[in-house]
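Colleague: One-letter residues, chain by chain:
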Amino acid sequence: MNEESILLFIKIVFAVLVVYWVSIAVSLIYRKIRRARLKKIETTFADIVSRYLYNDPKDPLTFDEIKKRLVKVGIRQRNKNNIQFLIRLMIRTQRTILGRNFSKLQKLYTEIPPYGVSIKKISSWSWYKKARGIREIYEMNQSQYFDEIFKYRDDKNIYVRREAQIALVVFLGWESLRFLPYLKQNMTLWQQIKIVEKLYDHYPKPELKWLHKAYETEKLFGKKLLMRIIRKYELHAEIGYIIDNLNHEDYEVRETAIYCLQTFAVASSTMEYIKQLYDDIPNTTQQGQLLNYIYENSDIDLDFYLKQLYGDNEELKLSIAEILWNNGYKEKVQEFYYQQYPKATLNVG
Amino acid sequence: MWDSGEGFFGSYYIYWISVLLFIGYGASLITLYLAGIILARRSIKRTKQRSIFLRTEDVVSATDIPSVTIIAPAYNEGLTIIENVKSLLSIQYPYYELILVNDGSKDDSLKKLIKEFDLERQDATFITQPIPTASVKYIYRSRQTKYTHLTVIDKNNGGKADAINAGVNFANTELVIFTDVDCIIEQDAILKMVRPYLEEDDKEIIGCGGGIGIANNSIIKDGILSELRLPSRLIPMHQVVEYIRAFLLGRMAWSEINGLMLISGAFGMYPRKRVIEVGGFNPKTVGEDLELCIRLRMHMEEKKIPYKVVYLPETLCWTEAPSDYNILIRQRDRWARGLWETISLHKKLFLNPKYGKMGLLYYPYWLIFEFGAPVVEFLGIICMIAFGIFGWIDWPFAILLFFAAYLVGCVFSTIAIFMYVKSFDHYTKPKQVVELLLAAYLEPFLYHPFLLFGQIKGYYKKLFDITSGWGNMTRKGFKVVKK
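Top line first, the protein sequences correspond to chains A and B. Numbering (this note's numbering) for the first sequence: 56 to 404. Numbering (this note's numbering) for the second sequence: 819 to 1301.
No lab work stands behind these hints, which were simulated from the structure alone. Treat the hints with care, as some may be off.
Stated by the list, open to error - If you want a taste of the chain A side facing chain B, the calculated C-beta under 8 Å gives, among others:
| # | residue |
| --- | --- |
| 1 | 79 |
| 2 | 86 |
| 3 | 88 |
Claimed, not checked - Label-pair restraints from in silico Cβ distances:
| # | chain 1 | residue 1 | chain 2 | residue 2 | range |
| --- | --- | --- | --- | --- | --- |
| 4 | B | 1188 | A | 67 | 35 to 45 Å |
| 5 | B | 975 | A | 80 | 51 to 61 Å |
| 6 | B | 864 | A | 67 | 26 to 36 Å |
| 7 | B | 864 | A | 102 | 46 to 56 Å |
| 8 | A | 146 | B | 1050 | 40 to 50 Å |
| 9 | A | 82 | B | 1144 | 36 to 46 Å |
| 10 | A | 237 | B | 933 | 50 to 60 Å |
| 11 | A | 369 | B | 1266 | 29 to 39 Å |
| 12 | B | 1263 | A | 67 | 55 to 65 Å |
No residue lacks a Cβ here, since even glycine has one placed at the ideal position from N, Cα and C.
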């Protein structure tokens, strides 16, 4: 290492620094120009939609005119980013419009560019483009491409298969339960929640025959998904499915069952059955959660609580003592306490 | 040049061995930073791509997203406590609770809270304490329905870690967020933080951190950051650059290879179950955030459960940075002591294959480059002075080498600023970017020496067993604009 080599190194590092200065400047300028461009596209599109939906018979807006205006603000085949932005605008607009105007808007979308952009993305090798294409198709309600999407429901890539599953829900509704609980790949909590939300948004009226058929699934995520659906739709008649899973061997299935059960109040006979299941739950935290549910949804059953207080589960005794203490059974708690520590002076209350 | 000292304790060899060691250390560090840039870039790109399919709007109306408890410890925060609590209560998340732990404050914090939020005292007899803490005196809850998600725990003083542990004991949600009471949290922060937990598949998420930004001189309105400004003073300005570099490059890179060992105590989310399993924060260290994260990772490694510690690049929490040298030095002194304590507490990790990559790679990195950097730097200064006195230094060459190292540092800071400006909308004006760059280039002269001093001071205290606690961290407070 000599001075010359250090000088050369300094020159190289300085050149890198200059490159980054230029990059920062370009980035700032680009962002400013881009913002202005997007703003223009947005304003133009908003104007087109409002004029099209409420067309003035004296000065009607034609499709040719619309196309010309879009080209003028940069919606051209080669400007992929602008087209992508327009698609986002189209989806956003469609979400906010209902009824007759919704049909009119769909007619508008079929007549103006971009044409077939989303379906082309599906054949891309990139997971990102593929998933995006599927998302656009179901968001734009292009059910004609359903067969293309269907095959990706169990894709290796998590984002591709998730979007395909949501498409299934959007296009098939409750019938999608023919497939969803039986998929090979696991389904995360996020996806379960998203499926439930989409189903509820698009198909608020339950179709129980598909739900009943889906009960046959042995997939753990399938069971969790079905319980979440029961909870979301508040299907009181289906609560038995949730209760049956309270003592499931899998921790997460039990967790979902306890969580979903909390939405419902049950008859006293059912509550008795739940109390019987209570002892079969192998996890103390979950027993604690179920105990809260039992306490909040039924009258004080002294025998049940005393059985727990004198039982083996040390971790829950404080909670049980609190329930008894606050519900008029102070003497029972004191009795238990004296039994534990016969020489101690009780210092509570 | 060698004539004067040659043969003196083998000075020629001492000089060259020292030079080679320092250059080797510096070169390794640069290589690691370069690798960090590549990993961070990849991580940011992937996070951006994924975020299109993980939009919080898709689940915001869902009723089965997990409940979260925010735990904020407070000690003598009477001056700003009401504004701070209101800010924490304004977060947008359908199912969250705020537990404020009054850690034996000697001021009027509790009195103010009782008055402002119409708090009602409740019995604390039946609180379960899976993590032992200083005794809890009372629990307070509001009589007003708009504050039903606020709980104040009044306990005897036990320190920050102890206060958080009391909050963990009382919380009954699956996830807990730890934050400082004076932090301004972004409105959608919890929704974003919850996402990785909803997303977990084959690996359990045991910790999630979010970006932390400096908001000195910024405007706070109704508990929300309404206008982000760059600090007017140089010291916090340097920290803006430091945080951008550390969070965007450092943590994103480590997150990409699941090597994150630290989730900042200012804002981090954990599963309550796991925090209880490891016994909560360790009140015996002042680096409790780093220590907890390492202990959680060790716990999972020992139980052989696949896990992940994740980091979100977006700035989700804004804090006030020290604005004068004394406070800065105190802060870094404390951080250095916390690092020392954590590193020595978990020394069994060093090159221990039982802990996988954490033992073989991540812990040695922390030991050599995070813990070791101030020591190496300090030794470097001593060597430079000693070699200079002996006349062994070729000054023109040394100056060139120093300039080269300085430029390399500038490049890293510039890249971090570039990536930040490109990815986020916080600093978009050319003037702001120029100010950030200038602060980055002045940092080695006006800021770094004080950091080094603070760190060495902390190590000195640990080396000679000088007792020192958290130290006062006086804050000026944000500019608050009321309705």
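Colleague: State for each hint whether it applies.
Modeller: Hint check results:
Of the supplied interface hints, the one on residue 79 of chain A holds, with its beta-carbon coming within about 5 Å of a beta-carbon of chain B, less than 8 Å. Hint status for residue 86 of chain A relative to chain B: holds, with the closest Cβ pair at about 7 Å, below 8 Å. The interface hint given for residue 88 of chain A is broken, as the beta carbon of that residue sits about 13 Å from the closest beta carbon of chain B, more than 8 Å. In this structure the supplied range 35 to 45 Å is violated for residue 1188 of chain B paired with residue 67 of chain A, their Cβ-Cβ distance being about 28 Å.
A C-beta distance of roughly 53 Å is found between residue 975 of chain B and residue 80 of chain A, which places it inside the suggested range of 51 to 61 Å. Restraint check, residue 864 of chain B to residue 67 of chain A: a C-beta distance of roughly 30 Å satisfies the suggested window 26 to 36 Å. Between residue 864 of chain B and residue 102 of chain A, the C-beta spacing of about 37 Å breaks the proposed range 46 to 56 Å. Between residue 146 of chain A and residue 1050 of chain B the beta carbon distance is about 43 Å. The supplied range of 40 to 50 Å therefore holds.
In this structure the supplied range 36 to 46 Å holds for residue 82 of chain A paired with residue 1144 of chain B, their Cβ-Cβ distance being about 38 Å. Checked against the given bound of 50 to 60 Å, the beta carbons of residue 237 of chain A and residue 933 of chain B, roughly 59 Å apart, stay inside it. Checked against the hint of 29 to 39 Å, the C-beta distance between residue 369 of chain A and residue 1266 of chain B comes to roughly 54 Å, which is inconsistent with it. Here the CB-CB span from residue 1263 of chain B to residue 67 of chain A is close to 23 Å, at odds with the stated 55 to 65 Å.
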